[in-house]
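Undergrad: Once you've looked at the hints, dock chain B against the given chain A.
So the sequences go chain by chain: A and B. Position 158 of the first sequence, counted from 1, bears residue number 158 in this note's numbering, the numbering being contiguous throughout. Position 107 of the second sequence, counted from 1, bears residue number 107 in this note's numbering, the numbering being contiguous throughout.
Source of the hints: derived by calculation from the structure; they are not laboratory data. Each hint should be verified, as a subset may be incorrect.
[Said to hold, decoys possible] Sample of chain B residues at the chain A side, in silico, Cβ under 8 angstroms:
# : residue
1 : 40
2 : 41
3 : 63
4 : 64
5 : 82
6 : 97
7 : 104
8 : 105
A virtual CB, placed ideally from N, CA and C, is assigned to each residue, including glycine.
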Amino acid sequence: MSMRWGDVCSLEEEKMAGNMKDEILHDHNHDGIDRRGFLKCMAWAGTGAFCVMQGGVLKSYSMSRIAEMNPENVRGEFSFVQISDSHMGFNKAANPDVAATLKAAVDKINALPARPEFLLHTGDISHLSKPEEFDGVEQILKNASAKDVFYVPGEHDVLNDDGKEYLERFGKGAQAGGWYSFEKKGVHFVGLVNVMNLKAGGLGTLGREQLQWLEKDVKHLKSSTPIIVFAHIPLWAVYPDWGWGTEDSAQALSYLKKFGSVTVLNGHIHQTMQKVEGNVTFHTACSTAFPQPKPGEAPSPGPMKVPAEQLRSVLGITDVNYVRGQHALGVVDSTLA
Amino acid sequence: MASVIATAVLSFGGFVSERMSLAASAQEKSASTAEVKIDNFSFGPAAITVPVGTTVTWINRDDIPHTVVSTEKVFKSKVLDTEEKFSYTFTKPGEYPYFCSIHPKMTGKVVVQ
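Excised from the complex, chain A in its bound form:
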């Protein structure tokens, strides 16, 4: 079913229409908010909507109506945007111009009704760990409305000398292995590195040193502190046959059991996927460079070619909104189309 922008409806209209679909967003609030209608809208539009939690109510706005929106109406406590897998340097058939699609992602970010506080890049910034590739991404992101960018590396970013180039550029203030944490408006962010020292036949790995650091890092935080963990390879077993998982993530998550709200943001798989497990919501982002097949739907997880005119509809950004006191973050994916 194809819907044009003008057809995307608001939550209220959907409720009246009585159209329900399976929920795919996270709701462990049990606060009676009807997200189903909203999600159906999102699915129809294909390009997503901007959504924000305000005073416990999830409100959604079509991206096509951005120009009409009053920024006050769409502000939560703060918002940030996750981008991922820019693969600067990639130039094969699946996308001969990854710089152009990254620029389109920046345009999308700049068109958001509320300026995001910062960007999170969940890795595979470069394609071959080359200095000019990292430069290229940093240059393009300088044009984003959000000036701060927090990075974690993907396996493509640490190809030479144990990730020396990446660590020199983005490892300042981080632990030696590149992991780190920071606070923003009472939310605790943790950037993890699970792409170093990969073993033959293995998955992503955090390693003992990083796990020990993580345990200490969150030990003394109040359990009401919202936690956001970001890392490149998914921290849950999306599809182990393709290496889409992290072998020691269970241990990391065990340190986060006491927290009421944990959100895990990952990349690597070049498509969006969600999973809720207890107090933890997992979410993966699209790539800004090229899509990859769904688990098992191709012989291998390589770049997936789509007709040129469809490319931007399978690439995207993720907008995350936080409202104090709410357990669930508003997480919205939108494509570059």
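TA: Okay, now just chain B, sitting in the frame of chain A:
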């Protein structure tokens, strides 16, 4: 008379040994190289058996970069983009499991006899 025969025998012997060494070196040439293609996130063939002294060449035909890294740290390629190659000559018999350090689920083995 005897000396003539002797010379003939020597020449014949020389000719035969020359033929044999030619044959031997021809065998060495065909045994001395082997190729592994990297494509679709896999090594093909995943397991090969070669004689001692063989130079194995890996060539990346995938549209994604890969590496060839011995699990016992015997050899390690740089990152191979599409069409790039890596070669290693196996001088000792044994089993040499390897993998792609970027996509560790990709594994292969060279058996040298």
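Undergrad: So, against the hints stated earlier in the document, which numbers end up violated here?
TA: Going through the list in order, the structure violates no hint and respects every one.
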